[in-house]
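The whole structure should be built from the sequences, with the hints applied where relevant.
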Amino acid sequence: MFQWLFKYPLQSYREGDLGLTWNLRPELLLLALALAAFGAWWLYRREARAPQGWRRWALPALRVAGTALVALALLGPVLRFSKRDEQKAIFAVAVDASTSMNVKDGASGKTRFERARAALGSEGKLAEALAEFGEVRFFTVGSQCRPVTPEQMAALQPADDQSALAQGLKELSQMLRGLPVEGVVLLTDGIETTGADPAGLARLVASRGGHVHCIGFGEAKGLPDLQIVDVRAPRSAERGSLVTMNVQVRRSNIQEPVRVRLYQDTELLKEEEVLFEPGANLADARISFVAEAEGAVKYKVELPAARDEQILDNNERIVQVDVKETRVEVLLVEGSPRHEYAFIRRAMADNKHFKVVTLLRLGKGNYYKRADDDSFLSEGFPDTAERLGRFKAVILSDIEAGYFTSEQLRLIVDFVKVRGGGLLMLGGVNAFNLGGYQNTPLADLLPVSLAPGGVGEAFDDSKFQMQVTREGAEDEILRLSGNSDENIAQWNLMPPLKGYNPLYAAKPGAAVLARHPQPGPDGRQAVLLAVQEVGAGRTGVFAAANSWRWQMLRPANDDTFRRFWSQTIRWLAAGSKEMLSVGTDTRVAGVGQNVTITATVLDRRHRPCNEAKVLARVKDGFGNVDEVRLAWILREEGVYQATFRPTHAGDYSIGVEAQVESNTLEALTSLAAIETSPELNRIDMDAALLTRIANEGKGVADLEGKTDAVIAFVREHAVKRSRMLDLVEEKELRDAPILLLLICGIWFAEWIVRRRSGMA
Amino acid sequence: MKTLASGCALLLALASLAAAEQPKPAPEKGTVENYVQLSKTGTRGEDRVNTGQFYFPRLQFKCREDVPDKWDIHPVGDQKLRESIKRLTNINILAEPVVVNLDKLEEMCEYPYVFMTSEGDFVLPEKHVENMREYISRGGFVFGDDCVLHQVGDNFYRAFVREMKRVFPDNPMRPIPEDHELYKIFFKHNHMPFLQGKKNPPMGLFDKKTGRLMALVTSGDLHCGWVGFGNLNKDECKRAIEMGVNIVIYCLTH
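Chains as they are written, first to last, in this note's numbering: chain A, 1 to 760; chain B, 1 to 254.
No lab work stands behind these hints: they were computed from the structure. Just so it is clear, the structure is predicted and the values come from calculations on it, not from any experiment. Just so you know, not all the hints are guaranteed correct.
[Said to hold, decoys possible] Dumping the calculated DSSO-like pairs for lysine-lysine here, alpha-carbon to alpha-carbon at most 27 Å:
(1) A/Lys364 <-> B/Lys208
(2) B/Lys188 <-> A/Lys364
(3) B/Lys80 <-> A/Lys355
(4) A/Lys369 <-> B/Lys199
(5) A/Lys324 <-> B/Lys209
(6) A/Lys369 <-> B/Lys86
(7) B/Lys165 <-> B/Lys199
[Said to hold, decoys possible] Here are a few chain B residues that sit away from chain A, every Cβ distance over 10 Å (derived from the structure):
(8) Val76
(9) Glu110
(10) Val123
(11) Pro125
(12) Gly140
(13) Arg174
(14) Lys199
[Unchecked claim] With the C-beta cut set under 8 Å, the calculated list includes, among others, these residues of chain B facing chain A:
(15) Phe54
(16) Asn90
(17) Cys109
(18) Arg138
(19) Phe206
(20) Lys209
(21) Gly211
C-beta: ideal position from N, C-alpha, C; glycine also.
Rendered as structure tokens:
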């Protein structure tokens with residue numbers, strides 16, 4: 001009966017001490033009881049019919065008693081038993097269970113993990129030796145630290161995609177807190193993938209009297225490996241355009257030529273040799289290809305396996321590019337009919353990506369009107385930001401500054417700096433200073449200075465061979481070949497140009513892509529082609545006037561002229577901002593990794609809008625849609641962000657809708673989620689780290705997978721350390737039936753007394 | 001003796017003076033010198049292409065020997081058209097005459113527009129056929145006009161159409177429709193002006209892909225209209241000049 005009421009036998013109450021889980025200070029407890037008593041008494045005083053006689057004291061007393069019992073139950077009454085126990089010394093054996101332990105790089109043909117397991121048991125007999133001096137507990141370290149039984153260890157296969165050694169040591173220390181840890185033995189290849197320093201944790205273990213030993217598995221150096229360190233690719237590209245990817249490749253102990261291949265699905269698109277500088281093991285390879293397929297296209301970059309290379313998982317990388325087919329509009333303003341105009345127009349006529357809208361002046365107020373031009377262009381250059389904003393770039397071709405009103409010039413400046421449009425000025429007798437641009441706002445935009453001294457006085461109509469600079473040979477505008485030297489050689493084969501505006505002073509931020517071959521009067525070579533970023537946009541000058549000669553004086557099947565203009569216009573238009581542009585901080589994310597969606601919203605005047613309502617709909621491959629609201633990030637005008645986490649591998653499409661004023665803008669982007677593993681970025685055993693861990697942990701390191709040194713150290717240093725521990729065991733009393741019965745009984749008694757007093 | 005010697009010297013001087021004053025023989029027809037001399041000024045201008053400036057070169061090609069007026073006929077017509085273009089449009093046209101030879105492709109390709117005329121039939125040598133094909137394929141524009149033999153013939157016109165079929169066998173010349181942009185691009189016309197000769201439809205060589213006019217030939221002697229011969233209708237001469245302007249503007253805008 002006693003045990004039923006009080007949960008435990010009477011003997012337990014005799015041996016143990018009553019206490020509370022929530023240890024309140026006694027004075028606080030008394031104060032709380034006093035306050036409760038006063039409250040109960042005061043409440044009863046306020047009753048319409050205050051209790052009289054003995055009830056006057058009994059009723060508040062019952063209420064206080066009931067409340068006190070409830071409070072007691074909440075504070076967690078326990079029965080405490082104190083005992084002293086002998087605790088043996090603890091040896092923690094932590095085996096690395098990350099995937100890099102699957103590498104077979106020993107003479108035995110076994111994996112690193114198999115050798116570690118053998119070191120513990122059949123071969124090294126480490127567990128047996130340690131057991132002589134204390135209790136052996138087994139753990140695995142990888143993405144986290146887990147205690148395992150010997151049986152589990154025997155059946156384990158390394159599969160963790162991270163080697164968080166530092167985190168593992170930290171967790172292990174927490175699990176063994178309060179116990180006499182004699183030693184920690186790490187069996188690992190020493191590859192720490194999180195960037196944290198395990199040696200610091202080893203020092204902590206040592207400070208508590210333990211030793212940290214390391215037994216290393218794997219080749220410290222000498223294992224041949226190729227690795228794709230990084231792939232940089234554009235987020236999106238126009239269909240049919242030339243896309244360039246930069247692939248950073250690391251080689252280890254490989255001397256044979258390294259090639260990089262690019263696949264779309266199983267189709268090999270391109271193969272290039274990776275050129276390493278003498279003595280260097282890191283190199284960048286550039287792969288250029290034409291994006292033919294439309295949509296969110298996944299490209300596989302692959303390094304073919306080198307001889308004897310074992311780790312192939314780090315030889316490939318998936319990259320996703322949004323390939324779109326849009327025809328963006330570029331405005332070409334031409335001062336008078338001339339061959340240059342006709343040839344540029346022809347070059348761009350069948351371009352699938354760009355539509356060159358032309359404004360050709362035939363006379364004062366008289367414009368040549370193409371059938372597919374909008375009517376407002378028949379009145380001349382656009383006079384509002386909205387009309388001009390329709391275009392991604394503007395080309396001023398031999399037209400004087402006086403043609404534009406001051407408001408139109410200001411619009412062009414905003415068009416470039418704010419809207420992110422492109423501006424290109426071509427050479428001609430009405431261009432640059434000859435066209436009176438030197439004192440206009442446009443002079444500030446151009447990549448060359450039009451100040452006195454920076455510009456030749458007259459138009460020079462002599463013939464000359466354009467000289468492509470080294471910077472130009474690398475630039476997308478002048479790219480005819482992926483190789484810079486070949487590029488220069490091909491441009492040198494082009495026929496000479498004729499006529500240019502002598503511009504000598506490139507601005508500091510400009511990239512000069514081509515120059516005149518001969519020095520000018522003061523020894524400087526004139527700038528022919530230069531570009532620069534201005535605000536959000538881009539500007540360029542092409543001081544030559546008759547590029548059509550590249551078409552007429554080359555065989556009909558030569559498409560250099562067409563490529564030059566396509567690439568120039570693509571570059572010009574590339575920086576242009578959309579009214580709503582959307583992107584993610586990565587195109588290929590790991591499952592579970594945070595992905596930031598960023599939307600930039602512009603208003604009708606192409607200025608950043610901070611008052612839009614922006615909503616993203618993230619759709620996975622199964623059609624499930626999550627709605628994520630994007631919020632303005634405050635630190636940047638017009639930029640909205642939100643994060644989401646892909647929950648499984650596959651494609652995600654992200655549709656973003658922005659309400660701006662009365663307009664609804666929509667944009668789409670995409671993302672591929674993959675299972676990632678940073679494990680194989682580096683596979684050589686990190687001998688230096690293992691040595692440092694052992695030094696900081698006041699233990700020993702064996703880098704050949706042998707256990708002898710550790711066993712010898714333990715034998716020499718370990719005293720059969722055991723200690724008496726004061727252990728306290730607590731048994732809960734909260735659910736003892738007596739407590740419930742007492743609470744119910746007191747409340748019932750109070751109700752009876754109240755009823756008898758006519759108060760209920 | 002001295003007197004005799006002085007007399008001889010005087011005679012010699014007079015003779016040489018007389019020889020110097022004798023007029024040079026006129027250049028032979030069908031030569032560059034003839035074309036240039038009959039124009040007001042100018043030389044062959046291989047190195048004279050200025051930015052934005054438009055040249056109106058005459059194409060030198062192989063004419064038949066029995067043709068009375070060859071490729072260089074009436075250069076003054078070209079000159080008058082150039083002046084009209086300068087006066088009527090903002091095209092920066094050069095006044096000097098230029099001759100390019102169909103035999104020299106690279107020289108010809110310095111000028112993306114060429115004018116070609118003659119009175120009679122002609123047959124292009126194979127090399128000229130190849131050069132013409134390459135010139136047009138690169139983007140050159142050829143305007144041919146029949147100078148009308150004896151005011152009635154259309155030999156040049158027919159030869160042009162025939163030879164162009166040799167140049168582009170799979171893309172023969174076709175009549176230019178009356179609603180073509182050529183007639184309205186600057187001056188508004190409903191048809192090709194006709195000065196004299198045989199009334200044939202103007203024929204065009206069209207780019208198969210874009211429809212752009214790459215070459216055209218007329219049989220109505222526009223060129224004589226540019227000269228403004230007295231026997232021709234004044235209004236039609238004016239229209240011939242306007243159509244000449246339209247053709248140049250079409251070339252510079254397409």
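Going down the list of hints, with the structure as the test:
1. A/Lys364 <-> B/Lys208: violated, 35 Å
2. B/Lys188 <-> A/Lys364: holds, 18 Å
3. B/Lys80 <-> A/Lys355: violated, 38 Å
4. A/Lys369 <-> B/Lys199: Distance ~31 Å between lysine 369 of chain A and lysine 199 of chain B Cα, so the pair is violated.
5. A/Lys324 <-> B/Lys209: holds, 24 Å
6. A/Lys369 <-> B/Lys86: Between lysine 369 of chain A and lysine 86 of chain B the Cα gap is close to 21 Å, so the pair holds against 27 Å.
7. B/Lys165 <-> B/Lys199: With a Cα-Cα distance of about 21 Å, the restraint between lysine 165 of chain B and lysine 199 of chain B holds, given a limit of 27 Å.
8. Val76: Label holds. Min Cβ-Cβ 24 Å, cutoff 10 Å.
9. Glu110: With a cut-off of 10 Å, glutamate 110 of chain B comes too close to chain A, as the shortest Cβ separation is near 7 Å.
10. Val123: holds, 24 Å
11. Pro125: holds, 20 Å
12. Gly140: violated, 7 Å
13. Arg174: The assertion about arginine 174 of chain B holds, with a minimum of 20 Å to chain A.
14. Lys199: holds, 30 Å
15. Phe54: Because about 7 Å separates phenylalanine 54 of chain B from the closest Cβ in chain A, which is inside the 8 Å limit, the hint holds.
16. Asn90: holds, 4 Å
17. Cys109: holds, 4 Å
18. Arg138: OK, holds: arginine 138 of chain B within 8 Å of chain A, min 5 Å.
19. Phe206: Hint violated; phenylalanine 206 of chain B Cβ to chain A Cβ min 14 Å, cut 8 Å.
20. Lys209: Hint holds; lysine 209 of chain B Cβ to chain A Cβ min 7 Å, cut 8 Å.
21. Gly211: violated, 10 Å
Of the numbered hints listed earlier, those contradicted by the structure are 1, 3, 4, 9, 12, 19 and 21.
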